[in-house]
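J.: Between the sequences and the hints, there should be enough to build the whole structure, so can you do that?
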Amino acid sequence: MSDVTLVDLCILACSEAFRNNGEVIATGVGPVPRLAAGLAKLTHSPELMMTDGEAYLVEQPVPLGPRKYDDRKPAGYLPFSRFFDSAVWTGRRHAMVTPTQLDRFGQINLSYMGGTHRQPKTQMLGVRGFPGNTIYHPNSFFFPAHSPRVFVPDVDMISGVGYNPAKHVAGGNFSAVDLRTIVTNLCVMDFGGPNHAIRVISLHPGVSFDEVQAATGFPLHKADTITETPLPSSEALAVIASLDPHGIRSGVIKDNPFALRAAS
Amino acid sequence: MTLDKRMSATEVVAGLADGMTLGIGGWGPRRKPMALVREILRSDLKDLTVVAYGGADVGMLCAAGKVRKLVFAFVSLDAIPLEPWFRKAREAGTLEVLEVDEGMFQWGLKAAAFQLPFLPTRVGLGTDLAELGGLNTVRSPYDDGETLIAMPALKLDAALIHVNRSDWRGNVQAFGPDVYYDEWFAKAAAKSFVSCEELVDRMEDHYPDNAQANIFERCFVSGVVHMPCGAHPSSMPPHYGWDMKALKAYADAARDPGDWAAVKDRFVGATEAEYLATFGGKEAVAALPLPIF
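These protein sequences, in sequence, are chains A and B.
Position one of the first sequence corresponds to residue 9 (our numbering), numbered consecutively onward.
Position one of the second sequence corresponds to residue 2 (our numbering), numbered consecutively onward.
Derived by calculation from the structure, the hints in this document are not laboratory data.
One or more hints might be untrue.
[As the list claims (entries may be wrong)] In silico DSS-like links for lysine-lysine, alpha-carbon gap of 27 Å or less: (1) B/249 with A/262; (2) B/67 with B/156; (3) B/6 with B/249; (4) B/6 with A/129; (5) B/249 with A/129; (6) B/283 with B/246; (7) A/76 with B/6; (8) B/89 with B/70; (9) B/67 with A/76; (10) A/76 with B/246; (11) A/129 with B/89; (12) A/129 with B/156; (13) A/129 with B/47; (14) B/265 with A/129.
[As the list claims (entries may be wrong)] Residues of chain A clear of chain B, computed beta-carbon distances all greater than 10 Å: (15) 67; (16) 87; (17) 126; (18) 133; (19) 135; (20) 137; (21) 205; (22) 227.
[Unchecked claim] Anything over 12 Å on all C-beta distances counts as not near chain B; from chain A, calculated: (23) 80; (24) 82; (25) 223; (26) 239.
By construction, the Cβ of each residue, glycine as well, lies at the ideal position given by its N, Cα and C atoms.
T.: Below is the structure:
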């Protein structure tokens, strides 16, 4: 198994976030989260629902990349025009996304960095649907390059709700704020520390906690037992390959390394 | 009263005024009334407040200095995630903005459509949106006493929308997998102007079987412009996909030469016919493949 790539290990780790979610829309934004949602649906969690990336619900996850326009087989319909009514504001969704920054409270930023809101140094996408996603349904995260530029003490703009008590205004209902899993190229983390603090729950093969801490801009907690992130089985690898026939995932993590560092 | 609402793009723009709040339908690089936007770019109209799920429409209007204030949740060209002309305007600090979540945005359109001052929502709490946007909260008058954000109505002086078909009276039909929030732009606006790929005299004489595609009623339509390829370079399924080559050229021009005045002729043209000719004419647009996600 020494030729397993790190990206495939990450896809398996991400797919675990979608286990036992029930009949919810699994949205994976970007190649790794999308492949992870597909892998989850085709292996342990067939009850998951997902779209073709546009407007139709499919029971067979749509592969990445070029294919015939009508290859999808719609089983249902979930256009943007009713996305908030059906998926987000009803809480029937779990999204896995890659924001630009994530801070010690799990607050995320996709809007701008540096400067002021009136005149940002770097304008990014805008908050998109993050404020609604984070207050209504579970969210998980994937980062291909774990670094202090991503994991910052405080985000430049709070685009998504986290567990910062100072931002939970009195009388507001934050009961559905549910940040689940963070998968990076180094480790898997969750929000299971004291007061939802971020903690490391598994390290990828050959990675130390200290290495993860050094790449993080705030103190991390440790799970009681930190395990080694498992390698995908040959069955899982075959499913991943079938969902990514053009190998788009090979470009996600710099240099597309092997999962086992000694093998690279 | 005549029910013949046909007009030219020039007449639509002549009916708009400096300082107006203008809603633009579509989503990112999809279903955008770009021909009407280009007509604005050929005009002297200025100081607009633009309300849009933004794509190149917002980027171009910002680049041309037409926008005083922008209401947005994102501005993106999808395969080109960051809209470079919008970024330039933001980073120059020239725009007043109201940044909201995508769901809050449509909620604000619905508040306007229903003639309400606001609609309550949980969305935005716990983020920086309320403070940055000056959004206030309300308290539920019932036993729960919940604190909610009062999303203000996004009242539009005018909305621009591109549809697949219309008749002279403004009976529209919209196809494609997703029509986004075009219905709510139409209903939030004092006047809506619709451009269409196909124009017929009486819808019932031509396409009675497609009446379910009538996503908003003709009382919400003030003017109809026949504008084949009117969404180019955005996508208009099932007629054509987006023109990624054109969008890339447009995006690249933000860096080199980086000056809108130098490239405006190319991306706006003196007339719509001239513009379309630059990109290969109607045949080339019709041949653009639908995007695959």
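J.: Taking the earlier hints as the rules, which of them does this structure contradict?
T.: Violated: hints 3, 4, 7, 9, 12, 16, 17, 18, 19, 20, 23, 24.
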